[in-house]
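Protein chains in written order, with this note's numbering: chain A, 11 to 303; chain B, -11 to 311.
Among these hints, one or two may not hold up.
As the list claims (entries may be wrong) - Chain B residues, not near chain A, derived (Cβ > 12 Å throughout):
1. 47
2. 59
3. 73
4. 76
5. 101
6. 163
7. 205
8. 277
9. 288
As the list claims (entries may be wrong) - According to the in silico footprint, chain B covers these stretches of chain A (three or more CB under 8 Å from chain B):
10. 192 to 198
11. 208 to 219
Unchecked claim - Some chain B residues flagged as far from chain A (calculated, every beta-carbon gap over 12 Å):
12. 31
13. 241
14. 242
Worth flagging that the hints you see were computed from the coordinates, not collected in a lab.
Where is the CB? At the ideal position from N, CA and C, for every residue including glycine.
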Amino acid sequence: MSFVDTSVAAINPRARRRRILRRRFMRRPLAVAGFLVAIAFVLAAILAPVIAPYSAGATDFNALLAHSSRHHLLGTDELGRDVFSRILWGARASIEAGVLATLLAMAVAVPIGIVAGYYRGWVDAAIARLTDVLLAFPFLIVAVGLAAILGPSLTNATIALGIGAAPALIRIARGEALALREEDYVRAAVANGASDLRIIARHVLPNMLSTLIVQATVAIPAAIIGEAVLSFLGLGVQPPTPSWGVMLSDAQSYLAQAPRLAIYPGIAIFLCSLSFNLLGDGLRDILDPRTTR
Amino acid sequence: MSLLAVDGLSVRFDTDDGPVHAVDQLSFTLGESEVLGVVGESGCGKSVSFMSLLRLLPETATVEGSATFDGIDLLRASPARLRAIRGRKIAFVFQEPMTSLNPAFKIGNQIGEVLRRHLDLSRRDARRRTIELLELVRIPAPDQRVDEYPHQLSGGMRQRVMIAMAVACDPKILIADEPTTALDVTIQAGILDLMRDIRERLGTAIVLITHNLGVVADVADRVLVMYAGRKVEEAPVHELFARPQHPYTNGLLGAVPRPGAGRLREIPGRVPSLAELPVACAFAPRCPRADQLSRSQVPDLREVAPQHHVACFHPGPDAEAAA
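Please work from the sequences and hints to get the whole structure.
Put into structure tokens, the structure is as follows:
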């Protein structure tokens, strides 16, 4: 460590590390753009009641399938509902499903993965094989199947997406736990009389956190697209509640007259999932110690 | 009465290529406040023997024998009982100071955790005691260092932190497994000095596992020389250096650099594979004194002088070294 390094570190090490991370993040324009757009979508979802010019179900029978205008920024649909407002309201379903499904997947997958990776043995063999089997099915197929069993609603779609995303996360948590249990500080903790539970809580979990955060930002866009797919298929949000998937589904009948009804929610899905993906990529780059400083 | 009595300790690893006998019938004792040096080449079973005492080896290891500490056999104690001993009564310092601290937590919290677990201290008391400990291991500005993360400390500092953590609960025995190997020479001297200091101040018995005879000469009271999983010689430190008996010990001493002593002598050959235990002196293939007897029978330990035991059919100092 150089002289300058230590003296700055001595003042406030945490602030210094934060500053380094922020600087590394700022050097990645795509990540910054992703972050800003993702924040915009989250804000849109939260503030929909405030910023949406119309309520989600409000119909304007004087403007059916209207083009963009002063009154209706992105035009209206076949029932005269304002498309811009519905996209803002629809962001709620998407963000909610994306975030909650990811949290659910984490809550399910991380304990299972840690138990498998930390304890090894037959428990691990059983869990690892089972996740391999589940991973053989594409994520959306599993989610559609589960949603069909659970019945159509946003809550059930979220549960289905969360469980569908769990196997991949189990595998990641297991891999991390497998590597971390061999760390010297784990051995030192054992030699100091720490119990398994304490080692997991203090040594294994905190050190896999950055990996899990990155995985979460990758899982969120997948769940957002998943929610759109399920709602499109009628397994998620039920009309008339707005959701990008529902809007796409409704737009099918009017593709010839008003393709914009499909294009606008499509763009929303695209931008929203892309922004979270870019954010995730950026976080991975800055948190991964193997990438250059 | 001795603090720790190990009797007939054997460790076997079951690997895909068959069993490996890492330790064979090792017996020794450790007295109160005694510093025992354990020397031998890499892979002679030094670390494994002591890790097996606290059952820190992976499940592929089969451990036999007994290790009596405080009236209990460590090798048969329940996991809960063992956890209460690990770090509290018997503490370990490992070779790798760079990676033995959790990078996610401040060093103060890591030392404090041990204190709170074993001694049931409050958060505040643990912190106060942690600062005292950092002072004990001579870390400058302990009240600032306590809030630093491992990556902010140098290797020598981290080893000091590890030692502070090990002596936190005032253990009876401190097992230091090559504590200075990863450090540079000037820092080594400081760490050894610290070990001596800890023994004097706290009365802790110390087991110093090393392949560095200089370190042993410096701090140990008694020395145990191991070769291929067996004890080949044991003696008080002055006795061992003055009158080494086993040809392996002689070989080790011959390989220590001394000013003006000319070319270092090496021990020919290499450490044998531990796949099977030979019914012979394990050192015979490399030994200039080996004969038919050495190759057909395992030599027993014999007392050649008070407290000086050697397992060799032809003990005695090297003619060359004596000259």
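Query raised in the report: Since residue 59 (chain B) was said not to touch the interface, does its Cβ keep a gap of more than 12 Å from each Cβ of chain A?
Result: Per Cβ check, residue 59 (chain B) is outside 12 Å of chain A; nearest 19 Å; holds.
Query raised in the report: Checking the smallest CB distance to chain A, is residue 205 (chain B) really beyond 12 Å?
Result: 27 Å, holds
**Report entry** Assertion that residue 47 (chain B) lies outside the chain A interface [Cβ separation over 12 Å]
**Finding:** It is violated; residue 47 (chain B) is separated from chain A by about 8 Å at its closest Cβ, not greater than 12 Å.
Query raised in the report: Does the claim that residue 288 (chain B) lies off the interface hold, with its Cβ farther than 12 Å from every Cβ of chain A?
Result: 34 Å, holds
Query raised in the report: Against chain A, does residue 241 (chain B) keep a CB gap of more than 12 Å to every residue?
Result: Since the minimum Cβ distance to chain A is about 32 Å, residue 241 (chain B) lies beyond 12 Å and the statement holds.
**Report entry** Nearest-CB test (12 Å) between chain A and residue 31 (chain B)
**Finding:** Given that every Cβ of chain A is farther than 12 Å from that of residue 31 (chain B), nearest at about 19 Å, it holds.
Query raised in the report: Are there three or more residues in the region 208 to 219 of chain A whose C-beta lies closer than 8 Å to some C-beta of chain B?
Result: holds (count 6)
Report task. Could you let me know if the closest chain A CB is still more than 12 Å away from the CB of residue 242 (chain B)? Result -> At roughly 34 Å from the nearest Cβ of chain A, residue 242 (chain B) sits farther out than 12 Å, so the non-interface label holds.
Query - chain A versus residue 73 (chain B) - minimum CB to CB distance exceeding 12 Å, so not interface - result: Per Cβ check, residue 73 (chain B) is inside 12 Å of chain A; nearest 7 Å; violated.
Query raised in the report: So is residue 163 (chain B) really clear of chain A, every C-beta pair being over 12 Å apart?
Result: The claim is violated: residue 163 (chain B) sits with its nearest Cβ about 9 Å from chain A, within 12 Å.
Query - Given as non-interface: residue 277 (chain B), which should sit over 12 Å from chain A by C-beta - result: 40 Å, holds
Query raised in the report: Is the Cβ of residue 76 (chain B) more than 12 Å away from each Cβ in chain A?
Result: Residue 76 (chain B) not clear of chain A: closest Cβ-Cβ about 6 Å, inside 12 Å.
Hint violations for this structure: numbers 1, 3, 4, 5 and 6, all remaining hints satisfied.
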